[in-house]
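Chain by chain, the residues:
Protein chains: 2
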Amino acid sequence: MVKIVVDCFGGDHSPEANVEGSVSALKLYSDLHLILTGDEETIKKCLEGKEYDNSRLEIVHAPEVVGVDEKPTDVIRLKKESSMMKAIKLLRTEDDIAGMVSVGSTGALVSAAMLRVGRLKGVVRPAFCPILPTMNGGIVGICDTGANVDITAFHLVQYAIMGSLYLENVYGVKSPRVALLNIGVEEEKGDELRKQAYKLLKDTKEINFVGNMESRDLLTGKYDLVVCDGFSGNVLVKSTEGACLEMLKMLKRDISSSVLNKIGALFMYKMFMKEKAFMNYQNYGGSVLLGTSKVVIKGHGSSKATAVEKCIEQAYRMELSEMSPKIESALEKYEDIIIEDLISK
Amino acid sequence: MVKIVVDCFGGDHSPEANVEGSVSALKLYSDLHLILTGDEETIKKCLEGKEYDNSRLEIVHAPEVVGVDEKPTDVIRLKKESSMMKAIKLLRTEDDIAGMVSVGSTGALVSAAMLRVGRLKGVVRPAFCPILPTMNGGIVGICDTGANVDITAFHLVQYAIMGSLYLENVYGVKSPRVALLNIGVEEEKGDELRKQAYKLLKDTKEINFVGNMESRDLLTGKYDLVVCDGFSGNVLVKSTEGACLEMLKMLKRDISSSVLNKIGALFMYKMFMKEKAFMNYQNYGGSVLLGTSKVVIKGHGSSKATAVEKCIEQAYRMELSEMSPKIESALEKYEDIIIEDLISK
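One line per chain: the protein sequences are A and B, in this order.
Per my numbering, the first sequence runs over residues 15 to 359.
Per my numbering, the second sequence runs over residues 15 to 359.
For reference, chain A alone in the conformation it holds in the complex (with noise of 0.2 Å):
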């Protein structure tokens, strides 16, 4: 039986999506076991009416909600009755519990995780690989979006292991091609961080790197990995997410301002309709936080039911993945370089 718990508030749509989700997943793995966290007669209401295997569904009773704005201290400290603290606790203390998955505030949430869960052996700073749709049907994943905003060349090196790991036993891409994001593609590119990180890239063994890469190129499918500062991939994916649902929105709204094109956009449905699909983000679940002991994932804040299924599914393949004494074997071999990074800073 593979555990995982949902922490069903903190999100646009909760708890009703992540319930909602919650009962999907149930059904397309018949040995996993969810534990609801948050308000139990809410969720209970929210179960009504829903077929699913009731001895794989738990609900664990929190009566309080982690808001969007709380500072992430506070919340560690104060809200231990809240979904989210529930989830973190029964991730810690129960040993056949194998991850969780949260829609609630990010800050808070790698607070506690890195606090409360743990870290794997190696791992100096866990960070977010969320996981986007390249335009020619494959993906490409993008290692930090804002677990750290101040790093080290060093934490982009892990990045790139804990990174191609992910891609390779979750995703099934061979020898994934990283690369470091960068303001040009010239080795010499970039401020001091990208420079040393360039090097030290370079030299590690374990990784497939392929040089500098810019922003523009994220969607072209050239790259499987980026790895960058979590403050410019939390820029690199947002706008990238932006600028495409601003073109959803001027799409619409030019189709619905003349008949003609709305004549014509009825000829491309089908073809509109798969599009939408695509850039839809709730369609590729959320951000996995690579590096902590056992699986924490963070779905989008405006997750719906698919979104916080998708999230859940992420956290069942992690877990059959066996990928963390993977990481924490290639993550050895610097163990030298991590402590020499440790004492000069």
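No wet-lab data here; the hints were simulated from the structure.
All the pointers check out, no bait thrown in.
Residues from chain A shown here face chain B by an in silico Cβ test under 8 Å; the list is partial:
#1 Met149
#2 Gly160
#3 Ile197
#4 Glu200
#5 Asp205
#6 Arg230
#7 Leu250
#8 Cys258
#9 Glu260
#10 Met264
#11 Leu274
#12 Ala279
#13 Met285
Listed below are the simulated SDA-like cross-link pairs for lysine to any residue, each with C-alpha atoms no more than 20 Å apart in a straight line:
#14 B:Lys213 - A:Asp83
#15 A:Lys276 - B:Phe286
#16 A:Lys58 - A:Ser38
#17 B:Lys85 - A:Gln210
#18 A:Lys290 - B:Arg267
#19 B:Lys284 - A:Asn275
#20 A:Lys263 - B:Gly235
#21 B:Lys284 - A:Ser272
#22 A:Lys213 - B:Lys85
#23 A:Lys288 - B:Leu259
#24 B:Lys290 - A:Phe286
All C-beta atoms in this analysis are idealised placements derived from N, C-alpha and C, irrespective of residue type, glycine included.
Following the hints, complete the assembly by docking chain B onto the known chain A.
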């Protein structure tokens, strides 16, 4: 007469596009005088058969071309006979020349402009400020997008002041809404640089600071100017450009994949053409380098004639706006902070 130098080499479509764009620009303004730098014979060949007022067009012979990958320091020291360095030299030595346009190597242009053209009084570092169209029909400026990658919070304040004056004086945007690029909208978000910058920007009376912006909101029209370090600004602009281009490609590919789609597209022909024009960066000129003592415009490396024409137009309008003394007087109040900032490093 407004005199502007056009570096005719170094772009993907040079020198044809540069010469054609120059000829078109001459037709727009009867008081515009252009000086074209580059191989004289080649430029003359490009001019053959074109109609233009030759009393307002000069050629200054420059036999060498700066390659995209050349080291800026090598270009400045060794490529004095290149079209770019000749243009820079003219800008520096001829008092009556107002500005220059180049579509060549960004690194070389920034370095040469900083060293040879010089900065306005009070400016610590000149910064790029390209303009993008927003989805509600407006524009948004982004400063900086790559001139400086290692900066302090005070640089961001200078970008905000210079960018606001640029948008007001050249584009007529009243009291531009300035945002700080960050990974969340709350005041305490981001790294140390962002936290410091937020505080400084809030206290800067010369600007209309409206808070943090997440990159997904760049094209929504909620902001007029976004300030950021050159690294994340570069990521922001290029990923937005990349996402739009990749979506257009997808649309094109999907349309040609079926007869029904092709019929539909015919009905929507006008709409698609309008949208294509809207998203074509060739129609929006280049990036102004704000803070240099004379106007320097960097066009996209893939600029065609229209883009070059728009760059020349931008240079012309910047000169007429008489912005330089306004920037110097706005920055004067911050002299003490600049000195403090420089000493602390």
